[in-house]
Amino acid sequence: MSRGLGWIVCLGAVACGPVLAQGRAYVSSEKDNALTVIDTTSMAVTGTIASCKRGRHIQRMPDGLLMVACTDSNAADVIDPASGKSVRRVPLGQEPEAFDLSPDGKTIYVSNEDEAEASFVDAATGKVLKSIKVGQEPEGVKASADGRSLYVTSEVAGMVHVIDVASATVVKNIKVGQRPRRMAFVAGGTELWVTNELSASVSIIDTATQRVKDTITFEVKGARKEDITPVGITAAADGKRVFVALGRANRVAFIDAPARKVTDQVLVGKRAWNLVLDKAEARLWVVNGLSDDVTVVDVAAAKALKSIPVGRVPYGVALVE
Amino acid sequence: MTGRAQMRAAASAVLLAMGLAGWPTAASPLNATLLLRADDSRLDRSRVERAYLGHPGGPAADGLRLALEDGGFELDAAQAAVKTRTEQVASADAARRAAQAAAQAGAAVLLTDLPADWTLAVADAVALPVLDVGTADDRLRAQDCRARLYHLLPSERMRSDALAQYLLTRKWTQLLLLTGSSAVDAERAATVQASLTRYGLKVVASKPFKLSADPRERNLANPLLLTAGASYDAVWVVDSDGEFARGLPYRIALARPVVGDAGLVPLAWHAQFERFGAPQVSRRFAKAFGRPMTDHDWAAWLAGKALVAAAIAAPAGPAAKQAQALASAKLDGSKGTPLTFRAWDGQLRQTVLLTDGQGVIAQAPVDGLLHPRDVLDTLGADAPEKLCKVSR
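In order, the protein sequences belong to chains A and B.
So the mapping is simple: our numbering equals the position in the first sequence, first residue as 1, plus 18.
So the mapping is simple: our numbering equals the position in the second sequence, first residue as 1, plus 70.
Take the hints with a grain of salt, since some may be wrong.
To be verified - In the DSS-like style, the derived pairs of lysine-lysine whose C-alpha atoms are separated by at most 25 Å in a straight line are:
hint : chain 1 : residue 1 : chain 2 : residue 2
1    : A       : Lys160    : A       : Lys321
2    : B       : Lys153    : A       : Lys151
3    : A       : Lys243    : B       : Lys400
None of these hints come from the bench; they were simulated from the model.
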């Protein structure tokens, strides 16, 4: 009897198994100085956490804490998801926007957009260890898994700077599309995918040769090319699928990575911006900057499940599962 | 003289000296000369202080310099360089001579912030691309267009089309048109009429105004008298000078908005624009020059970005290849879409911002408007109108 009931629940639910694990999503927004907390199972907002000013990039640290960069506070806020409270602030230099952490979590690599610099910051003390000049309006920051290389996009220069971490110098400038934004490693780190906001495309860099080896240009039926403005990007762990938020085209593109083909385009909210995939790779959490909400997408069905109202001008999302 | 002005004067002296000695011999940079009007009355302190929307806030050289600094990394990476020189001219004749001298000295591109006729004199004097960063005159995009002349500021018609589109979205279709007495105002009012016709808006009354305190002329000068006795959704004021228009909002007979040269104004740029990375550009500009970035500054900045794009496309020349790159450049003006020059009249396609001077209220083209090729071409002269007969 109970087995039978179990079957019914499983068939009737949208998804089964690990998807239903308890978890929370933390969403930063530029105009609230707070994070919105969402229960990932019920997909309902459970509260907010006061944070620093103009929260932007947010990600999980290796020790499980959350770090959010606050552009107007010139700092990162470190939040303990267990207590829902800020545990410390780390100075991040002028106008920090995006960052990444070294694999050991000890160094923060941050883009300082107004200074046109990438900085290495000690995650414990907030001491700026190194500052490296890059092209104007640096944005995305990505550290390689081995911790040796750092990649930073410059929106104005239209290039990805490759920085050798040991010597803290730019060793290569790779020309990509117009207004490059965010990056994701694919195929075990042998490829770096870069979104080009004003070229409606993704440049695929071969990390061994440090050259662009492929470009995927997006087309959306019924949308003009200039409204396809890709920003956020994330990849499945096996590297087979990549997900790109298409900005003003209000969609997320699912890409078959080896085939370099867009397989699905899922309608989400207004100006889909940054996005993350849960551990089970069952759901995609998409932040919509101009409709002040987050859309949860069922990956298998390639369909939006729910849009959840959050703060004003939401920017990034991190999951704690 | 302020410290800043002294520095600028010293810099000009150095530049002039360089001009006499010819170009510095760097590794084949793209040379560009910016021609400015001598004793530019638009930049008189008393005018600049008033900060009328759509009027310049400082020299065009500022925006140009910022663009070259912004492009430094990209230029270095491509082993390209841009060298600019500034020269002041006091007449159309002087502009022509300066253009010819610059071309002989090896300039690949000229930039102008000059009156319309002087700009034409420059375009006719040389076989080089000319980037016009100072005029909005429709005739330079129509009957007086030139094959190698490019315009960075939106034309008057683009501006009035932008405003008309917005009025249409509000359903503010009945307009009272007030026009100043200058020839320029008459010309611009005709452009406004064309935009209103294009978007199906209606002028319920059209009146001239005069800036005057003379009680005998109060019917022409008094905002209450000018705006009473009619029913309308908005007052559109055409005032190239700016003083009358500034005094119009909140002083009219009805509780209606004022648009045009005061109230809600269509511009290429405003320092309070919040989207598409615009605040970063405005902040860099304010940091470098100690003043807010105006629409004229944006035009000069974007012209500088066009030079950077041309230099990178062909770091070692030849000039023809650089000119080709300029014509087909896709420029990032921090307005959300790549911007290109129209093939039929050299006008830069662009979003127009509608501002009340405090912030940006809306952008045009407005949402929902359609165009068979590029929605930006709903602003200004479109290809099928064939207003520019020159083949480019």
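Evaluation of the provided hints:
no.: 1; hint: A:Lys160 to A:Lys321; in the structure: 29 Å, violated
no.: 2; hint: B:Lys153 to A:Lys151; in the structure: 22 Å, holds
no.: 3; hint: A:Lys243 to B:Lys400; in the structure: 13 Å, holds
Violated hints amount to a single one, hint 1; each of the other numbered hints is respected by the structure.
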